[in-house]
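Peer 1: Okay, here's what each chain looks like letter by letter:
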Amino acid sequence: MTGRARTIHLTVVALLATMAVGSLLMIVAGASPLHAWGQLLQKTLGERQGFGQVLFRATPLVFTGLAVAVPLRAGLFNIGGEGQLTAAALACAVVAAALPPGLPAPLAVLIATAVAFLAGAAVGAATGAMRIYRGAHEVIVAIGLNAIIAGVALWLGNRSLFVGESTRTATIPAAAQLPELGLAGSNASVSALGALAVAALMAWLLARTRVGFTWRMTGQGLDAARAAGLPVDRARVWAMTVAGGMAGLAGAHFVLGHKHAYEDGLGRGVGFLGIAVALLAQGEALAIIGAALVFGVLGQGGLAIASDVPKEMVDVLQAVVVLVAAASLGRRRA
Amino acid sequence: MTGFVASLITLGFLAQVLRIAIPYVLAALGGTLSERAGVIDLALEAKLLMGAFAAAVLGYETGSIAVGIAGAAAAGVAVAAIQALWSVRLGADQVVTGIALNLGAFGFTRYFLGVRYGQGANSPRFDGVGTGVLTNPITWIAAALVALVVVGLWQTRLGLRVRAVGERPDAVAAAGVSVARVRWAAVLIGGAIAGVGGAQLSLPVDGFVAEASGGRGYVALAAVIMSGWRPGRAALWCLAFGLADAVQYRMQTHGVGLPAELTRLLPYVLALVLLAVWPRRVAPPRALGQPD
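Keeping their order, the protein sequence lines are chains A and B. Just so you know, we're using my numbering here: the first sequence kicks off at 138 and counts up by one. Just so you know, we're using my numbering here: the second sequence kicks off at 338 and counts up by one.
Chain A with its partners taken away, still in its complex shape:
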């Protein structure tokens, strides 16, 4: 199959499997699938406010989707989005809150975003280095780092960063807050536009630059790439570094665009959901936008019908998508 045919094939199979399993879970929960799917779509695509919430949910998924897609092209699996996001969000909130008053808004946002990117990138780089230079499996390392970062963030928060008895850091100054898009009172902010720009940038990086070429060659055949004299090891560590930065931007989205502080549990699950997004998009940077919207609809719609079907249905559907993608991915690599 050609690349495009394979993408269409995967998308169709994934959507059919999602609909089948979702309908089954609805029936088991005692809901009518026709009614429940209808409600799910109506409350997300049929209303301005609901659609705004879909955009709000899809925005960080573009970032965490890219955080999985980039290393995937280079033959590495980044399951550390959760930890990268948490480290970045905490660093971003603390630095933004400490910015001198009177700083112009664009500069404040730029600094806070850069801090988030760098904090996430540092975690990603550590994961990549453990894999490349110490031979430790990147999945186990990343899961360990996820747990360690969550624990350390909670400890730092309880010790000194959380305000009073809350589990929330100080509110960041207005200059660092991203304005909302104004979609019928939804939480969608201009970070949605940032996500589009970053996805386009990554698509360009992968397709048109030397480092993108090295990543793709490395992912398609490690030994061949090494034999061709490409700096394989360094490129793979860089892939994980950039990936961490992408997950870090998801943290910035939550802090600057929504909560205006770091909170315990902020963005939980979004790093993992990025795996499903990236795999549904077959690792293509621009397709990630579409895949993120699909999961935005499922997540927001799942909340809308939560009184009929437990909202964890969406977690199961996410796994179904990843399973379908795993079968397709294996055949491609083989």
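Mixed in with the good hints there might be a few duds.
Residues from chain B shown here face chain A by an in silico Cβ test under 10 Å; the list is partial [what the hints assert, rightly or not]:
id, residue
1, ILE377
2, GLY428
3, LEU438
4, VAL542
5, LEU602
6, VAL614
7, ARG617
8, VAL619
Don't read these hints as lab results, they were simulated from the structure. Glycine included, C-beta positions come from ideal geometry on N, C-alpha and C.
Based on the hints, put chain B in the right spot on chain A.
Peer 2: Same frame as chain A, but now just chain B:
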């Protein structure tokens, strides 16, 4: 501080280490089997979680501990069956398959609790096996399984075949043995063992709590790797992780050392440091991750 140290040299502490280590040990045994057969076992987390869930739900619904433990094994087999179907039959990417199963088990357990009991955080409480170690049937099952896997893998024909399909599947096929069938057997048996390990996460505490596996499946896989894919050593590494876990519980109750948020991380830190510095003299099974 002296109270804390004294509490570490008691029989009660030893029992606690064993109780905590059992899920790690059984997951690592299961993981060793499927990885030896050439199938990357990143689904250990799902097997533990589904085992814990099935043991609690079936134990509560039937009132029988035996049914609960059998259900845990069956749940592990169910996860392993999907894993084998994907890895062996469909030639799917084994890392991604394992992660999908872990995500799915996480969602499914909460979904089912919500549908059946009206809330997704935990199952109704019932009389489990208690926190005693010697009175807990899973302790004895675990001890037997360690011996069985060690002997089975090194001394039996099936064990030889499992090791062979992980190293040289082409040679096994040339000898007229079905590679797929041996891999299916290894993955399913491994799934049953890991599932029973999950029962230890719910039966001693009289119920299932969402996310009960808490990353133990990944730590167990780290133990498998550090052991050089040898079940006896993997079990010993798991005892070390159980020890780290038990020490951190004692540190918390005695208020010793680091704050609770940090001591909780001890097993993860240990696993990461060991993965980074432990010299690896043993290569992984040569066909690990290769569909055929």
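Peer 1: Look at each hint and say if it fits the structure.
Peer 2: Results of checking the hints against the structure:
1. Contact between ILE377 (chain B) and chain A, as hinted, is supported at the beta carbon level, the nearest pair being about 9 Å apart and thus within 10 Å.
2. For GLY428 (chain B), the interface hint holds, since its Cβ comes within 10 Å of a Cβ in chain A; the closest pair sits about 5 Å apart.
3. Interface restraint check for LEU438 (chain B): the shortest CB-CB distance to chain A comes to about 7 Å, inside 10 Å, so the restraint holds.
4. Hint on VAL542 (chain B) is violated. Least Cβ distance to chain A is approximately 20 Å, over the 10 Å limit.
5. The criterion of a C-beta within 10 Å of any C-beta in chain A is met by LEU602 (chain B), whose closest approach is roughly 5 Å, and the hint holds.
6. Hint status for VAL614 (chain B) relative to chain A: holds, with the closest Cβ pair at about 8 Å, below 10 Å.
7. Look at ARG617 (chain B): its Cβ gets to within about 6 Å of chain A, closer than 10 Å, so that hint holds up.
8. The closest approach between the C-beta of VAL619 (chain B) and any C-beta of chain A is roughly 12 Å, which is over the 10 Å cut-off, so the hint fails.
When held up to the earlier numbered hints, the structure conflicts with 4, 8 and fits the remainder.
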